[in-house]
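What follows is the residue order along each chain.
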Amino acid sequence: MRKLILLAGVAALAAAVPASADKGGKGGGHGGGHGAPAAEHGGGKGHGPDMHGGKPDKAERHVSAGHGPSFHAAKPAKIERQALRREFKHEDRALRRLDERRFDDRGFEERRFDEATRLAGAGCPPGLAKKHNGCLPPGQAKKRLALGSHIERSWFDGSSLPRAYRGFYADNDAYSYRYDDNGYIYRVDNRSSLISGIIPLLGGGFNVGQPLPAGYDAYNVPYQYRDLYRDNDDRLYRYGDNAIYGVDPQTGIVESIVALLAGNMNVGQQLPTGYDAYNLPYDYRDDYVDNDDYLYRYADGNIYQVDAKTQIIQAIVDMIA
Amino acid sequence: MRKIAILAMALAAAACGSPDNGGNGSNGATSQSKAGKGEQAKANLLQALAGSADHKVLANAIQAAGLNETLSGAQPYTLFGPTDAAFQKAGGANALLAPDAKGELVALLTAHIVPGIVTGEDLERAIERGKGKAQLATMAGGTLSFARDGDAIVVTDAKGGQARVDGEDLDASNGVVHSLDGVLSGR
Numbered sequence: 001m002r003k004l005i006l007l008a009g010v011a012a013l014a015a016a017v018p019a020s021a022d023k024g025g026k027g028g029g030h031g032g033g034h035g036a037p038a039a040e041h042g043g044g045k046g047h048g049p050d051m052h053g054g055k056p057d058k059a060e061r062h063v064s065a066g067h068g069p070s071f072h073a074a075k076p077a078k079i080e081r082q083a084l085r086r087e088f089k090h091e092d093r094a095l096r097r098l099d100e101r102r103f104d105d106r107g108f109e110e111r112r113f114d115e116a117t118r119l120a121g122a123g124c125p126p127g128l129a130k131k132h133n134g135c136l137p138p139g140q141a142k143k144r145l146a147l148g149s150h151i152e153r154s155w156f157d158g159s160s161l162p163r164a165y166r167g168f169y170a171d172n173d174a175y176s177y178r179y180d181d182n183g184y185i186y187r188v189d190n191r192s193s194l195i196s197g198i199i200p201l202l203g204g205g206f207n208v209g210q211p212l213p214a215g216y217d218a219y220n221v222p223y224q225y226r227d228l229y230r231d232n233d234d235r236l237y238r239y240g241d242n243a244i245y246g247v248d249p250q251t252g253i254v255e256s257i258v259a260l261l262a263g264n265m266n267v268g269q270q271l272p273t274g275y276d277a278y279n280l281p282y283d284y285r286d287d288y289v290d291n292d293d294y295l296y297r298y299a300d301g302n303i304y305q306v307d308a309k310t311q312i313i314q315a316i317v318d319m320i321a
Numbered sequence: 001m002r003k004i005a006i007l008a009m010a011l012a013a014a015a016c017g018s019p020d021n022g023g024n025g026s027n028g029a030t031s032q033s034k035a036g037k038g039e040q041a042k043a044n045l046l047q048a049l050a051g052s053a054d055h056k057v058l059a060n061a062i063q064a065a066g067l068n069e070t071l072s073g074a075q076p077y078t079l080f081g082p083t084d085a086a087f088q089k090a091g092g093a094n095a096l097l098a099p100d101a102k103g104e105l106v107a108l109l110t111a112h113i114v115p116g117i118v119t120g121e122d123l124e125r126a127i128e129r130g131k132g133k134a135q136l137a138t139m140a141g142g143t144l145s146f147a148r149d150g151d152a153i154v155v156t157d158a159k160g161g162q163a164r165v166d167g168e169d170l171d172a173s174n175g176v177v178h179s180l181d182g183v184l185s186g187r
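Heads up: the protein sequence lines correspond to chains A and B, in order. The letter at position 180 of the first sequence is residue 180 when you use my numbering, and the numbering goes up by one with no holes. The letter at position 61 of the second sequence is residue 61 when you use my numbering, and the numbering goes up by one with no holes.
Pulled out of the complex, with its shape left as it was, chain A reads as follows (with noise of 0.2 Å):
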């Protein structure tokens, strides 16, 4: 089963794409009463809610100059690191040989792709390694749209994002967001038709046992929960779409979902839909108990006080860590 998981990684390194979306801090998720996303992969400017605004930061930039991914560099435990020479002497080779070619076009990513998953189909069962897709069984094989790729005018008619997305990435002037059941969100130019931005969703574009996205080579956890998931040299956490995911830092691929987080919890704002009853968690309901003044709800790590009346979030009082 490591076998398979170490081979399976192999294609991840390939699609793994450089670059780092950190959506930082609390957000970044999606839409409705999830917060607000900090970016997404391919960088932009400014339109569209989600943005930063201005220019992409470095990382983004780093996306579109397709470089490797920072898997590389951490290292492996000792046992890890023998068992890996044991296992990728051959692969190991063939894809810094890879790594060492620098290419500035779009075909870099999935030349690199076709080669991982090419030598990564040494291992894989038959049925799955005459497929070429890193050993993915059908259905997780389907590959997500490149940005720059040309949307169709069919895909215009109407929003097709599930629906807790929809109040986020609401279509406007310059863009329209689009979802094909793939786990993506694709943010398309409205002038050109071309996908300007590509948005992963949890059990989509972040699933276990698949690699992560592109755009999160750098640590992005919110602090609430960077004491809990740092990295280390077994495993890196990354955040998006309000999960934190543990990934292996060697092949990329995403090992597990460790925290969910609900992202819709904000100080100064109403307090959302959803929170109606008392959820705080065992240790901390002796020091705040709802009363007629102040409510008392827990989210993503915090608890915050409510004002009875105005239903104002006006602090966060405590944090579980």
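Rather than coming from a laboratory, the hints here were simulated on the basis of the structure. A hint or two may mislead.
To be verified - With a cut-off of at most 27 Å between alpha-carbon atoms, the simulated DSSO-like pairs for lysine-lysine come out as follows: (1) B:56 <-> B:89; (2) B:42 <-> B:89; (3) A:309 <-> B:133; (4) B:133 <-> B:159; (5) B:42 <-> B:56; (6) B:89 <-> A:309.
Said to hold, decoys possible - Residues from chain B that keep clear of chain A, each with C-beta distances beyond 12 Å, as calculated: (7) 53; (8) 54; (9) 56; (10) 60; (11) 74; (12) 88; (13) 89; (14) 90; (15) 94; (16) 135; (17) 140; (18) 151; (19) 152; (20) 164; (21) 181.
Beta carbons: idealized from backbone N, C-alpha and C, even for Gly.
Please arrange chain B on chain A, whose structure you already have, making use of the hints.
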């Protein structure tokens, strides 16, 4: 190694016996806080599910979706957990457990999870305060609506699907599982 870990968790859950569902909701902090602080060996959500005779399918689904660390970690969650009979009634879970359905599986499971610990008493109190209705935000970005139907609590998802909160709750160190007699819809 993983099998051993799962077995160990199941044993730990079994050793914990029947957890106290107790507490008095928002104003019953004392008994629940004592439970939280005093019972150091209390099983976490994953262990509690592994030790439950009625949630085998759900426990498998959580493993398959890669949510096992989420439910065994320090962050608190409330899980509205369909029982094995509920999955059976909904046509079984084989299709959902297929490798190519992982996206749907994650969407479905996260639509059954809400942040924090909402005990049965918390839920009843919220329904009472909301004049017969309470809403809880899910980790899938949707909202579940709760209402009373006689002695039972009925939950309705965004698409109008309904299930009853039914059977024993599973109280865990990092949350609670309320058993459902039906499966709600995902995103």
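Here is what the structure says about each hint:
For the hint pairing residue 56 of chain B with residue 89 of chain B, the CA-to-CA distance comes to about 15 Å; that is within 27 Å, so the pair holds. At most 27 Å may separate the alpha-carbon atoms for a hinted pair to count; residue 42 of chain B and residue 89 of chain B exceed this at roughly 31 Å. The straight-line distance between the Cα atoms of residue 309 of chain A and residue 133 of chain B is roughly 18 Å, inside the 27 Å bound, and the hint therefore holds. About 17 Å separates the Cα atoms of residue 133 of chain B and residue 159 of chain B, which keeps this hinted pair within 27 Å; it holds.
Distance restraint check for residue 42 of chain B and residue 56 of chain B: the Cα-Cα separation of roughly 20 Å lies within the 27 Å cut-off, and the hinted pair is therefore satisfied. With a C-alpha separation of about 43 Å, the suggested pair residue 89 of chain B and residue 309 of chain A falls outside the 27 Å cut-off, and the hint is violated. With a closest Cβ-Cβ approach of about 25 Å to chain A, residue 53 of chain B is found to remain outside the 12 Å limit, as its non-interface label requires. No beta-carbon of chain A comes within 12 Å of the beta-carbon of residue 54 of chain B; the shortest separation is about 23 Å.
Remark: the non-interface label on residue 56 of chain B is consistent with the geometry, its nearest Cβ contact in chain A lying 20 Å away (cut-off 12 Å). No beta-carbon of chain A comes within 12 Å of the beta-carbon of residue 60 of chain B; the shortest separation is about 14 Å. Distance check on residue 74 of chain B: its Cβ comes as close as 6 Å (rounded) to a Cβ of chain A, failing to clear the 12 Å threshold; non-interface status is violated. Non-interface status of residue 88 of chain B relative to chain A is upheld: no Cβ of that chain comes within 12 Å, the nearest being about 24 Å off.
Every CB of chain A is more than 12 Å from the CB of residue 89 of chain B (nearest about 24 Å), matching its label as outside the interface. For residue 90 of chain B, the requirement that its beta carbon stay farther than 12 Å from each beta carbon of chain A is met, with the minimum near 19 Å. Distance check for residue 94 of chain B against chain A: the nearest CB is about 14 Å away, which clears 12 Å, and the non-interface claim stands. Look at residue 135 of chain B: its CB is around 5 Å from the nearest CB on chain A, not clear of 12 Å, so calling it non-interface is violated.
Taking the minimum C-beta to C-beta distance to chain A, about 6 Å, the non-interface status of residue 140 of chain B is violated against the 12 Å cut. At roughly 19 Å, the least C-beta separation between residue 151 of chain B and chain A is larger than 12 Å, which holds for a residue marked as non-interface. No Cβ of chain A comes within 12 Å of the Cβ of residue 152 of chain B; the nearest lies about 17 Å off, and the non-interface call holds. Every CB of chain A lies more than 12 Å from the CB of residue 164 of chain B, the least distance being 17 Å, so the non-interface label holds.
Listed as outside the interface, residue 181 of chain B is consistent with that label: its C-beta sits roughly 20 Å from the nearest C-beta of chain A, beyond the 12 Å cut-off.
Checked against the numbered hints given earlier, the structure breaks hints 2, 6, 11, 16, 17 and satisfies all the rest.
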